[in-house]
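Visitor: Chains D and F, in that order, give the protein sequences.
With my numbering applied, the first sequence covers 4 to 447.
With my numbering applied, the second sequence covers 19 to 455.
Think of the hints as simulated: they come from the structure by calculation, not from any bench.
Glycine included, each C-beta is placed from N, C-alpha and C at the ideal position.
Be careful, since some hints might not be right.
[To be verified] Computed spacing ranges between beta-carbons, pair by pair:
#1 Gly59/D x Glu423/F: 36 to 42 Å
#2 Pro278/D x Asn218/F: 25 to 31 Å
#3 Asn321/D x Lys43/F: 53 to 59 Å
[What the hints assert, rightly or not] Simulated crosslink set (EDC-like; lysine to aspartate or glutamate; CA at most 16 Å straight-line):
#4 Lys32/D x Asp293/F
#5 Lys420/F x Glu287/D
#6 Lys150/F x Glu421/F
#7 Lys92/F x Asp236/F
#8 Lys32/D x Glu288/F
#9 Lys284/D x Glu421/F
#10 Lys420/F x Asp293/D
#11 Lys97/D x Glu286/D
#12 Lys420/F x Glu31/D
#13 Lys32/D x Asp287/F
#14 Lys43/F x Asp293/D
#15 Lys295/F x Asp293/D
#16 Lys285/F x Glu31/D
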Amino acid sequence: MENFSFILSPQWIASLIMLVCYVVLFSEKVNRAVTTLMAAMFMVFAGVLTQAEAFGGVDFNTISLLIGMMIIVSITERSGLFQFVAVYFAQKVKANPVGILVVLSLVTAVFSAFLDNVTTVLLIVPVTFQITRRLQISPYPYLILEIFASNIGGTATLIGDPPNILIGSALNLSFTDFIINLAPVVIITTIVLILSFVFIFSSSLKTTDRNRAAVMRMNAFKHIIDQKLLYKSLFVLFLVISSFIFAEKIHVENGVIALSGAALLLALWTLGAPPFERDDKTEEMFNLVDWTTIFFFIGLFMVVSGLEKTGLLEVLGNKFLSWTHADLKRTTFTILSVSAIVSSAIDNIPFVATMIPTLKSMEASMGGREAMMPVWWALSLGACFGGNGSLIGASANVIVAGLASREGHPISFLGFLLWSVPVMLVSVLIAGLYLYIRYFAFSF
Amino acid sequence: MFSSAAQIIAVTVLIVSYLVLFTEKLNRAVTVLLGTAVLIFGGILSQEAAIQAIDFNTLALLSGMMIIVGIAEKSGMFQYLAIAASKLANASPRGILALLALITAVLSALLDNVTTVLLIVPVTFQITRNLKIPPYPYLMVEIFASNIGGTATLIGDPPNILIGSALNLSFMNFVYELAPLVCLNLLLLILVFDFLIGRNLHADNENRQALVNIRPIDMITDQTLLLKSVFVLTLVLFGFITAEYLHVQNGTVAVFGAALMLWLYTKNDEHSVRDQKVEDAFSFVDWTTIFFFIGLFAIVFALETTGALEILGTRLLSLTQNSIQKATFFLLWISAVLSTFIDNIPFVATMIPTLKSMEVSMGGREAMMPVWWALAVGSCFGGNGSLIAASANVIVAGIASKENERISFAKFLIWGLPVMFVSIITASIYFYFKYFN
């Protein structure tokens, strides 16, 4: 009887459900939203969680932030702003292939700090093809550099990459916290990355003056489809980002800011349209939200909260503590390297979502949240930079590969590894040095 | 009456939002989201409180069922049911009107109203499209029938669920006390609609004949998907009925059903096709309606947390001077009128503790039962008063607008208010003879 109840204990059921869920997720046999939702509902049926607890486990701040930003970006996209910027800067460097390599990757890095990476590459890759086709050069170096830049650039801000959104929301960190702590290392890494690419490719990227003239003839302003919308979008983006920066002062959380921004932009965008068209446009924008990702998050939050409730993650945290002897430095660098390696092989979102409660349970033994911050930054840097490790390390990589193969320039898994592993190692090394100098070198 | 600044702001936001909804100058989801934004940025409501305000069970039920129904529709299942039902009424628009109202009422007594209208509306559109007649009267009568039918049972309408669980009432308590009244009202509804609209509805004989000639079975376009859909729907409906015993809420059942449906639907597809189909299926959810509910929940919750709703409730009850009879009729009318303008769930949730606190002075729970039934009937029937008075109304309007049939706030009132008043008058007479004669 005792054995029986042991098998049926919530801890075992929860770990079993989680295990199956993660295995199915990584095998990609079933759609990821379907997988986590089913696992979450099994947790409720099995009595690990009540329905109310399951919803209580969902971080709705993250969910609203994601939904709000997705709506804002999909509307802004229609103005043509992003393509305009890319072409504009390509012409600023006189259509020099190496110069274009630099500006496109810089634009990617900056955009991805404020948009999600998938959106960024979806916007930048088509423009890249337009330009490289006119220059009659291989798009390959541009594409892979854009992948790397998007993953690195996204690390700089709270909203740039899902791991940051998760961490920021769980710890109530502000937009400025991320910029102050992570932007320096992101800027350094981006510079190193771009310089090495320029060094490697400067001799092979050559084109004729005629081709360059073709790029110069492109009309950047042609990309601006809707000028009024452009102003509205810029206005709302400005409001939203400044509210993010002052979020703490105005006592409003980021999720509400993003969702209110989305509502405001929807209102401005559809203002004056006849009711039918207005409601259709609104519904269309709601449909453009990446609901698979949203439901994937919702299910995942529930699964992790089930696991958390059983105390399993605390056990894991304690194991980890005894392993690192609760030493801050040791923990920081272990987290950095482990999360980089894990994230290069599998989706970093479930990993980060599981690590958050685990790390939180360790706070008391590590001297409080304030003291533990380097560990959290290490988690963010490792998980985000790790996405560069392989072609399946981050969704942006997969998207670029898909777009490239459609254009007849396939990026192979192994071919990509040749570039990505060194990039990942160097960037994590830089991150390690940065963390050491910033948080440990001068304090004893 | 409202003392604090917070209460005044909360009431103002509610009124302004309703004015905008009424004039339809903005999309309804955008309107309430902006209203919520004002409340949160104004410091009346915290983000946490706003989230707490959201009834996730309803949202989960809604989005889950919309996904299941959206996929099931692709099998031709609803077309099948539509043809079969119209044949039953000999494809006469008049007969179909009565038949659909009846089916809706019965279904909504057994299922929640949201599920009921999600199942019946696609069938309705199939029929009206085939007969080339306007869907509008059918949708209206379905809304009314779902709100009236739902009143008959413990699980039929959210106010009943709330009252039933607060007082520990059984399924049969509700049927015994309320079913006669509901049947009477339903009959009245069908007769009046038949007299005003049904007998004037005409379809071309050609279209009718064409409809009668269709074999229902030919409407099935995807047999495998049909089997999967029937399997999932049966499982889900069974889950709803046994939910109480399983200690699982409807939301869980619906979301699980949706995940299962999505899995079965995409099981044999390759990666990219599968993920695209899942993403497309998420668009079956009427997101405008979902976000409308989210905003509405938050705005009404602000009314609740600032104490404005409680002030209103106690003020009103103090007028009844502890007389059961006065309290019964008063509550019947007040809850009907209030439910017309604010969602009835928060209203009933606020009234329950207020009424419970009056039990002692009113002679105990047993004696006070007529007051409770009045609350249930008033808030359920009140759901017919306006387009935003009950979830089912909002959903029907949402689906209709997807099908390019607008049901406007003002247009609905013309039908909704009379229906609501007639049903409350009937209820008053019923209560008088049943409890006070």
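Visitor: Checking one constraint from the list: CA of Lys284/D to CA of Glu421/F, max 16 Å. Satisfied?
Guide: holds (14 Å)
Visitor: Can you confirm whether the C-alpha distance between Lys420/F and Glu31/D stays at or below 16 Å?
Guide: It is violated: about 33 Å lies between the C-alpha atoms, which goes past 16 Å.
Visitor: Is the straight-line distance between the alpha-carbon of Lys97/D and that of Glu286/D 16 Å or less?
Guide: violated (42 Å)
Visitor: For the pair supplied as a hint, Lys420/F and Glu287/D, confirm whether the alpha-carbon distance does not exceed 16 Å.
Guide: holds (11 Å)
Visitor: Does the alpha-carbon distance linking Lys32/D and Asp287/F stay inside the 16 Å limit?
Guide: holds (10 Å)
Visitor: Taking the Cβ atom of Pro278/D and the Cβ atom of Asn218/F, is their distance within the range 25 to 31 Å?
Guide: holds (28 Å)
Visitor: Holds or violated: are the alpha carbons of Lys150/F and Glu421/F at most 16 Å from each other?
Guide: holds (14 Å)
Visitor: Check whether the Cα positions of Lys43/F and Asp293/D lie no farther apart than 16 Å.
Guide: violated (28 Å)
Visitor: Does the hinted range 53 to 59 Å hold for Asn321/D and Lys43/F at CB?
Guide: holds (58 Å)
Visitor: Starting from Lys92/F, check that the Cα of Asp236/F is at most 16 Å away, please.
Guide: Holds - the C-alpha atoms of Asp236/F and Lys92/F are around 14 Å apart, at most 16 Å.
Visitor: Going straight from one Cα to the other, do Lys295/F and Asp293/D come out at no more than 16 Å?
Guide: holds (13 Å)
Visitor: Checking one constraint from the list: CA of Lys32/D to CA of Asp293/F, max 16 Å. Satisfied?
Guide: holds (11 Å)
Checked against the numbered hints given earlier, this structure breaks hints 10, 11, 12 and 14; the rest are met.
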